[in-house]
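These protein sequence lines are chains A and B, in that order.
Its first residue numbered 716, the first sequence is counted upward by one per residue in my numbering.
Its first residue numbered 716, the second sequence is counted upward by one per residue in my numbering.
Any given hint could turn out to be false.
Copies of the same chain look alike in the list, so a pair counts if it fits in one copy or across any two.
Stated by the list, open to error - With a Cα cut of at most 25 Å, we get these calculated DSS-like pairs of lysine-lysine:
id : residue 1 : residue 2
1  : K1045     : K940
2  : K827      : K746
3  : K1057     : K952
4  : K952      : K1026
5  : K940      : K978
6  : K1057     : K856
7  : K1026     : K809
8  : K1026     : K940
9  : K827      : K952
10 : K1057     : K746
11 : K952      : K765
12 : K827      : K1026
13 : K827      : K1037
14 : K1019     : K891
15 : K1015     : K854
16 : K940      : K1032
17 : K809      : K759
18 : K1032     : K1019
19 : K1057     : K765
20 : K765      : K856
21 : K1045     : K746
Keep in mind that the hints were calculated from the coordinates and are not lab data.
There are 2 protein chains.
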Amino acid sequence: MTSVKINAKIKSSINQKIMSHQSVTQQITPKYIDSLQEKISDIKEQHDGKILILTHANPDGDAIGSAYGLYLGFKSLGLTPTVSCIDEVPTAFKFVDTKDTFTQTPNFNDFKNIVFVDCGDKKLTRFDKNHPEILSDQKFKINIDHHPSNDNFGDLNLVITNASSAAEIVYYLWKKMGVEMNSALATSLLLGIYTDTGGFVHQNTTPDSYTAAAELVELGGSVSKISQNVFRSNDLKQLKLWGKVLEELHVTDEGAAIVGVHKDDYLSLGATRQDLGGVIDLINSMPEVQYSVMLSEDEKGNVKASLRTRKDDVNVKAIAEKFGGGGHVKAAGFTVPQGHLKKEVKWKIVTDA
Amino acid sequence: MTSVKINAKIKSSINQKIMSHQSVTQQITPKYIDSLQEKISDIKEQHDGKILILTHANPDGDAIGSAYGLYLGFKSLGLTPTVSCIDEVPTAFKFVDTKDTFTQTPNFNDFKNIVFVDCGDKKLTRFDKNHPEILSDQKFKINIDHHPSNDNFGDLNLVITNASSAAEIVYYLWKKMGVEMNSALATSLLLGIYTDTGGFVHQNTTPDSYTAAAELVELGGSVSKISQNVFRSNDLKQLKLWGKVLEELHVTDEGAAIVGVHKDDYLSLGATRQDLGGVIDLINSMPEVQYSVMLSEDEKGNVKASLRTRKDDVNVKAIAEKFGGGGHVKAAGFTVPQGHLKKEVKWKIVTDA
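Working from the sequences, and respecting the hints, build out all of it.
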């Protein structure tokens, strides 16, 4: 009898495994589609077709890509959507901006229906601080996301945690609903998939992600446009700054790659601290390194630290938290207010206070 | 009556267009499959299953990936294949090397049947110089390639010019033949697709390429393994060398990014000229640049030039040819024998002679 029990256990664990490997499209249920379609009809009839699409503050490629992918899809379904984010669209992602919709200051009174996209937490839009009503029962909240931290805070939730990106979910959603997708929509969604997978490289890139990419390229989406805008656009002062940083690179006996950047290092080249973006990932490309740290003085007299690791057993979030910072296990950061860098044998932070 | 003619013309041009957009799998005809299967039976019966797989000298990721993809497939079909290249397998691609097959010095007498893979020209293996018999009628030549320059030099040709890579062709070939593909085979073929598309970015990345990637990942292929080995593995001396190069970067009034590297620049860091690999692509990431040139002294007293462009209307192959070099429209190079670099206002080549 014992063996029967064990078999049942094994069977149930296999079933669970299969469940967690369900394709993105399988997780978009007919019930969900029906509810969303009903909602869309309601928005058309009762609310002049008005729907607000919000994404998280400090938007990345998936935030912008999925938001515009939703915008173009809702538009082709006959709605009048608005895209909004508390921060502006970063230059690298501006090429998908349709220029006829984006606002940092929506009039929330205009909208009964709000989509939260790529928001692992309902507070990530940061609009709720001054506009708590967006999270109240007065609003109907559609929640489309792929973060495991998402607690289904919406009234209609589509949270698929094994999707590479929110954009991948939006793609399979529109496909299932028969939405006509043009090349602009395809490129928006590709932007989300491409950036959240680190260019189809990170472990979250599933066969579904590649299949979505295949079909989006077929629809006229352009990955080369994305990569040129997002990853491959550097200018001379930036490359010279990277050169300066790389020349000063140091690996400690413990295997940490460390580099410090003075304010003058970038100011003397006519560059800004933002021009350092990306160099930490290049530094962290050394296989023998445990983790990488870039310390850089900002223009306001603080020292910012960026940490990266590729090692499974190193948690840079924990390191950053010791200094009052935070982030992810593989990428984190902290700030030392009113600090400056002094070079001794290694770079270290000296606090003014 | 004229309109009928015009219609016929339009129709034929449409047909032609459809032809040129045929999927890779459509271009692998039943006739080809029959001929190859017949050949495989013949090799088993008449030649102890022995087949030699050659790829081009100075092998890139597609050369190695497609060769090992063929090797593993032929093996599962019951043959005894050997992989050979006149140059050794570069370190970055060694992770797909099965270690039980590769040779730089095959005994050509052992092989009646030779596969040439990823060879845009029959002479690109460079074995023919000392072993002209490999191109003679004594050998049965199977030619699998994706370069438009390929003139169908084989006895059995599979040249599909809209495939991203030779590896993509091999994938669809094995799929069509029902070959069982394991994760090692899948990773080999992904290596070819990934490197020849610049990480799924270049214009040659078609929906077929993404579909192949989706299915190869499903079979256990690992893109993150590839990217870690191929693109994201740098060491300290290499990054410091890149830093030195980037600091010296110069953009001419005509929009050419130019940099020169002295022998001492790398020797003083304990690095080699090979450690410069990749930096030219970083340099060429500047959107405003027409083309990029890196001049570097090698250890034998020559100056090598690497040229890159991302502009549609710039042909760096033509520039390289003026100096006796060659390559592709977007990536080319040339060598100035017995030269060295002298820095004046710009970098230029001074010939000793």
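Verification of the hints:
{"no.": "1", "hint": "K1045 x K940", "result": "between (27 Å within a copy, 17 Å between copies)"}
{"no.": "2", "hint": "K827 x K746", "result": "within (22 Å within a copy, 62 Å between copies)"}
{"no.": "3", "hint": "K1057 x K952", "result": "both (24 Å within a copy, 24 Å between copies)"}
{"no.": "4", "hint": "K952 x K1026", "result": "between (31 Å within a copy, 21 Å between copies)"}
{"no.": "5", "hint": "K940 x K978", "result": "neither (33 Å within a copy, 37 Å between copies)"}
{"no.": "6", "hint": "K1057 x K856", "result": "neither (48 Å within a copy, 66 Å between copies)"}
{"no.": "7", "hint": "K1026 x K809", "result": "between (33 Å within a copy, 21 Å between copies)"}
{"no.": "8", "hint": "K1026 x K940", "result": "between (31 Å within a copy, 13 Å between copies)"}
{"no.": "9", "hint": "K827 x K952", "result": "neither (46 Å within a copy, 58 Å between copies)"}
{"no.": "10", "hint": "K1057 x K746", "result": "neither (59 Å within a copy, 72 Å between copies)"}
{"no.": "11", "hint": "K952 x K765", "result": "neither (44 Å within a copy, 57 Å between copies)"}
{"no.": "12", "hint": "K827 x K1026", "result": "neither (45 Å within a copy, 48 Å between copies)"}
{"no.": "13", "hint": "K827 x K1037", "result": "neither (40 Å within a copy, 67 Å between copies)"}
{"no.": "14", "hint": "K1019 x K891", "result": "neither (43 Å within a copy, 54 Å between copies)"}
{"no.": "15", "hint": "K1015 x K854", "result": "neither (38 Å within a copy, 73 Å between copies)"}
{"no.": "16", "hint": "K940 x K1032", "result": "between (32 Å within a copy, 23 Å between copies)"}
{"no.": "17", "hint": "K809 x K759", "result": "neither (29 Å within a copy, 59 Å between copies)"}
{"no.": "18", "hint": "K1032 x K1019", "result": "within (15 Å within a copy, 44 Å between copies)"}
{"no.": "19", "hint": "K1057 x K765", "result": "neither (53 Å within a copy, 66 Å between copies)"}
{"no.": "20", "hint": "K765 x K856", "result": "within (13 Å within a copy, 65 Å between copies)"}
{"no.": "21", "hint": "K1045 x K746", "result": "neither (36 Å within a copy, 51 Å between copies)"}
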